[in-house]
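Order-wise, the sequence lines are chains A and B.
Residue 1390 is where the first sequence starts when you use the numbering used here, and the numbers rise one by one after that.
Residue 19 is where the second sequence starts when you use the numbering used here, and the numbers rise one by one after that.
Everything labelled a hint here was simulated from the structure, so no lab data went into it.
One or more hints might be untrue.
[Stated by the list, open to error] Have a look at the derived ranges for each label pair, beta carbon to beta carbon:
#1 A/Thr1394 - B/Gln32: 34 to 42 Å
#2 B/Phe30 - A/Ile1449: 25 to 33 Å
#3 A/Asp1415 - B/Ala99: 31 to 39 Å
#4 B/Lys91 - A/Thr1404: 36 to 44 Å
#5 B/Tyr82 - A/Gly1429: 20 to 28 Å
#6 A/Glu1458 - B/Thr25: 38 to 46 Å
#7 B/Asp47 - A/Phe1409: 41 to 49 Å
#8 A/Thr1404 - B/Lys133: 37 to 45 Å
C-beta: ideal position from N, C-alpha, C; glycine also.
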Amino acid sequence: DVKVTQSSRYLVKRTGEKVFLECVQDMDHENMFWYRQDPGLGLRLIYFSYDVKMKEKGDIPEGYSVSREKKERFSLILESASTNQTSMYLCASSLLGQNYEQYFGPGTRLTVT
Amino acid sequence: AQKITQTQPGMFVQEKEAVTLDCTYDTSDQSYGLFWYKQPSSGEMIFLIYQGSYDEQNATEGRYSLNFQKARKSANLVISASQLGDSAMYFCAMRGGGTGGFKTIFGAGTRLFVKA
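Throw the hints in and build the complete structure from the sequences for me.
Shown next, in the form of structure tokens:
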């Protein structure tokens, strides 16, 4: 059974804290993605990676960074959390190529106070 | 720039009837893929159907079909014989761009309510 796991389902952090969201996939997928989901805005791509140590900016990378040191793990980092980063964060992975669907993790609901 | 537009924030359909969820897209790429995902209230994202830009036939998967009109840049999802379990958010997505890994973008979603 294919699986994408995220380190936390719920997270509460204070403004200015450094936040790490971890994502692990066990399908040997090349691609990994981080999205944030907000009501009325759908899923917006923050960053994606198609190989170890490779990363590409999505549509809303400001305030975020990523790390991919191993193929199965893709981390999203909020360098200094702000209240406008309160959101649901979804990680996904897929095989390389444009005709492969993505497999999603369960999501992390982050609240920044 | 790539863009996905879903103009229906919410839709109602009677159980056992068919429903069409609209999706239009914008891209300058010649090669791209179009996807639909379902997100029930539990939150997980479920892949439903895929259409490649060079596919001549409309994709079908069980009760789901994708009405692909390339010239109009539309990729509407048709659900036949709606069931109560079809009540969910539905997202249209596009993947392409040629960037390594192929960027994927999503629309804002349509919430479907199936009435008994």
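Now the hints, each set against the structure:
The beta-carbon spacing between threonine 1394 of chain A and glutamine 32 of chain B, approximately 38 Å, falls within the hinted interval of 34 to 42 Å. The given range of 25 to 33 Å is respected by phenylalanine 30 of chain B and isoleucine 1449 of chain A, whose C-beta atoms sit roughly 32 Å from each other. About 35 Å separates the C-beta atoms of aspartate 1415 of chain A and alanine 99 of chain B, a value consistent with the hinted range of 31 to 39 Å. About 42 Å separates the C-beta atoms of lysine 91 of chain B and threonine 1404 of chain A, a value consistent with the hinted range of 36 to 44 Å.
The hinted window of 20 to 28 Å between tyrosine 82 of chain B and glycine 1429 of chain A holds, with their beta carbons roughly 24 Å apart. At roughly 41 Å, the beta carbons of glutamate 1458 of chain A and threonine 25 of chain B sit within the given window of 38 to 46 Å. Between aspartate 47 of chain B and phenylalanine 1409 of chain A the Cβ separation comes to about 34 Å, which falls outside the hinted range of 41 to 49 Å. For threonine 1404 of chain A paired with lysine 133 of chain B, a C-beta distance near 43 Å keeps the hint of 37 to 45 Å intact.
Checked against the numbered hints listed earlier, the structure breaks hint 7 alone; every other hint is satisfied.
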